[in-house]
Amino acid sequence: MKPTPKVNRAPIKISRILMIALLSIVAVGQLFPLVWLVNFSLLKSGDLFVSHILKWPDEPQWQNYVTAWVDGKIPQYLLNSVIVNGVSVLATVILAVAMAYAFTRMRWKLKKTILTFVLLGMMIPIHGTLLPNYIVFGKLGISDSYAGLIIPYVAFNLPLAVFIMTGFLESVPRAIEESAVIDGCGIFRIVFQIALPLLKPAVSTVAIMTFLNTWNEFIMASTYLSNDIYRTLPFAVYNFSGQYASNYSVQFAVMNMVAIPSLVFYIIFNEQITKGAAEGALKG
Amino acid sequence: MHKLLKNKRTIFLLVAPGLAVFIFAVFIPIIVSIYYGMTDWGGIGKPNFIGMKNFTEIIFHDEAFWYSLRNALLLGAAFVFIQHPISFIFAIMIDKIGGKLEKVFRAIFFIPCVISIIVTSKMWVSIYDPQYGLLNKVLDILQLGALKQDWLGNPKFVLPSLIVILMWQGFGWALLIYYSGLKGIPEEIYEAARIDGAGTFKIITSITIPLMKPVIRVNIILAVISALKQMETVFLTTGGGPGSTSQFLANYLYVKAFNSAQYGYGNAISVLFVIVCLVMTFVLNKMFKSINAEY
Chain A
1007 MKPTPKVNRA PIKISRILMI ALLSIVAVGQ LFPLVWLVNF SLLKSGDLFV
1057 SHILKWPDEP QWQNYVTAWV DGKIPQYLLN SVIVNGVSVL ATVILAVAMA
1107 YAFTRMRWKL KKTILTFVLL GMMIPIHGTL LPNYIVFGKL GISDSYAGLI
1157 IPYVAFNLPL AVFIMTGFLE SVPRAIEESA VIDGCGIFRI VFQIALPLLK
1207 PAVSTVAIMT FLNTWNEFIM ASTYLSNDIY RTLPFAVYNF SGQYASNYSV
1257 QFAVMNMVAI PSLVFYIIFN EQITKGAAEG ALKG
Chain P
51 MHKLLKNKRT IFLLVAPGLA VFIFAVFIPI IVSIYYGMTD WGGIGKPNFI
101 GMKNFTEIIF HDEAFWYSLR NALLLGAAFV FIQHPISFIF AIMIDKIGGK
151 LEKVFRAIFF IPCVISIIVT SKMWVSIYDP QYGLLNKVLD ILQLGALKQD
201 WLGNPKFVLP SLIVILMWQG FGWALLIYYS GLKGIPEEIY EAARIDGAGT
251 FKIITSITIP LMKPVIRVNI ILAVISALKQ METVFLTTGG GPGSTSQFLA
301 NYLYVKAFNS AQYGYGNAIS VLFVIVCLVM TFVLNKMFKS INAEY
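Chain order of the listed sequences is A and P.
For the first sequence, my numbering assigns the number 1007 to the initial residue and increments by one for each residue that follows.
For the second sequence, my numbering assigns the number 51 to the initial residue and increments by one for each residue that follows.
Worth flagging that the hints you see were computed from the coordinates, not collected in a lab.
Given the structure is predicted, the values throughout are model-derived calculations rather than measurements.
By construction, the Cβ of each residue, glycine as well, lies at the ideal position given by its N, Cα and C atoms.
There could be a bad hint or two in this list.
[Claimed, not checked] No farther apart than 30 Å at their CA atoms in a straight line, the calculated lysine-lysine pairs in the DSBU-like style are these:
1. A:1206 with P:263
2. P:146 with P:53
3. A:1117 with P:58
4. P:150 with A:1118
5. P:206 with A:1206
6. A:1118 with P:336
7. A:1115 with P:58
8. P:153 with A:1281
9. P:339 with A:1145
10. A:1118 with P:339
11. P:103 with A:1206
12. P:58 with A:1118
13. A:1019 with P:252
14. P:336 with A:1281
15. P:198 with A:1050
16. P:103 with A:1117
17. P:336 with A:1019
18. P:252 with A:1281
19. P:53 with A:1115
20. P:153 with A:1019
21. P:53 with A:1206
22. A:1019 with P:146
23. A:1206 with P:233
24. P:103 with A:1061
25. A:1281 with P:150
26. A:1206 with A:1281
27. P:150 with A:1206
28. P:263 with A:1281
29. P:263 with A:1118
30. A:1281 with P:233
31. P:252 with A:1117
32. A:1118 with P:53
33. P:339 with A:1117
34. P:153 with A:1206
35. P:146 with A:1281
[To be verified] Rough simulated footprint, nothing fancy, chain P against chain A, three-plus residues with beta-carbon under 8 Å:
36. 1104 to 1112
37. 1159 to 1167
[Unchecked claim] Pairwise CB distance ranges, derived in the manner of DEER restraints:
38. P:90 with A:1147: 24 to 34 Å
39. P:252 with A:1019: 12 to 22 Å
40. A:1031 with P:194: 11 to 21 Å
Okay, chain A solo, but in the shape it has when bound (with noise of 0.2 Å):
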């Protein structure tokens, strides 16, 4: 997105201040459910009970963010979200690209039909597939290991995915894979080391469109983990609230422990995430 440059500034002076005040109250009660959960987690459970919609925390109650990072288990949720979520992106990402350069720039009978057919994947509720998952993984055993939740994870980005990636190998011009055939390159080198560096925009989307939609994933995780260890970060929340019922500021803290690696990575990435996400979202 190239900065536009503005004309006619002058005279909508008072216009803009308007837009801006409006603007900023819809922002701040947008944001101020987020301001009340930090302000109350450093806080005494009790003092939820005062009538103050705000209060000074005197004493930060921080070992509330001790007690959520050790008994809410964070450190190991954590490291099985980093790697159900970056297996399950690279893995995205590769299919994707595999098989859009087959739809693409292979001659084969049934392209059209199995693309039609991976496309409608798109329409499909992921809940249609909860219950007989549930069943078909626990039979096989996966229901007790990381790839219960990557493969289902994986599958439905994928349609999204060869969407977004045909559309772009559509654009970009044959001429340099052409010249790697007469040089008599292999046919996944051209397609990794040659089709790949080209394709990197519709990468970066498929790749934040499919972090976005699993990082923060939970009803699966929720129905196909079998096993306590293989659980991602929204679950430190869920135990807590049976654990801690009564704790409130405890609650709250555990809550914005799990929000924060989400805010670091969208403050981080925050051009690409909202072109990705938007390009995603489009397309799709």
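Let chain A serve as the given structure and place chain P on it in line with the hints.
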């Protein structure tokens, strides 16, 4: 070139892994679901084949099913008629402001979308809590104590309260998509209009909205489909209750299968749910295509 690009083995190696994952985790489950949907299986023992009985039972006698569908449509309507007009206007304002502030506002409005649904859902449960909730405290401060409620416990208020949560959670997405669409309109068009003496309102109604039609179409389809697919927030806040007043299809099939041990029945709902989603996607696409054709 031709030889290499026609090699059947290479094609197979490129397509098969992805296709296998897709078939295994998306396609086969649907088939399995159709099978279990025709049984009376409760989770243990042998499933008995009962044909279409579950399906007819759901369609003709299950109030909760129709309630869920109605709720999804109400949510979709709230997205389209409340959330989207606001996010559209906000996108225009953010686009107009320009500079550093533009980026700041864009980022702020998207923040709720990057935070895990489990966090924002549990947060809203706390906001609505009748004892310590933020909302009731704010009402007290505004001298509106009479309006205090058990927001998620009262059958009259639970659906509107839930819809507020969902509009809050999805606002940033709707805004971001409109905003990106606006960025695609070349500045020269606005300039030309301004030189011709068009005012801001005129520019919005006769340039921005017509040019944004494709984006509006996609965004509205996305919103209605996401209303239909709603599950996580319901699951984490009301669980569909009290009664079925805030029930949604995806949550209902889950509750039936796992809480009421009616696994076969749950699968039948699941199959109908997938069908409803597919049909709705086709219908929406067709509907909007014919609208576009008029221009």
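Hint check against the structure, violated hint numbers in rising order: 2, 4, 5, 9, 11, 16, 17, 24 and 31
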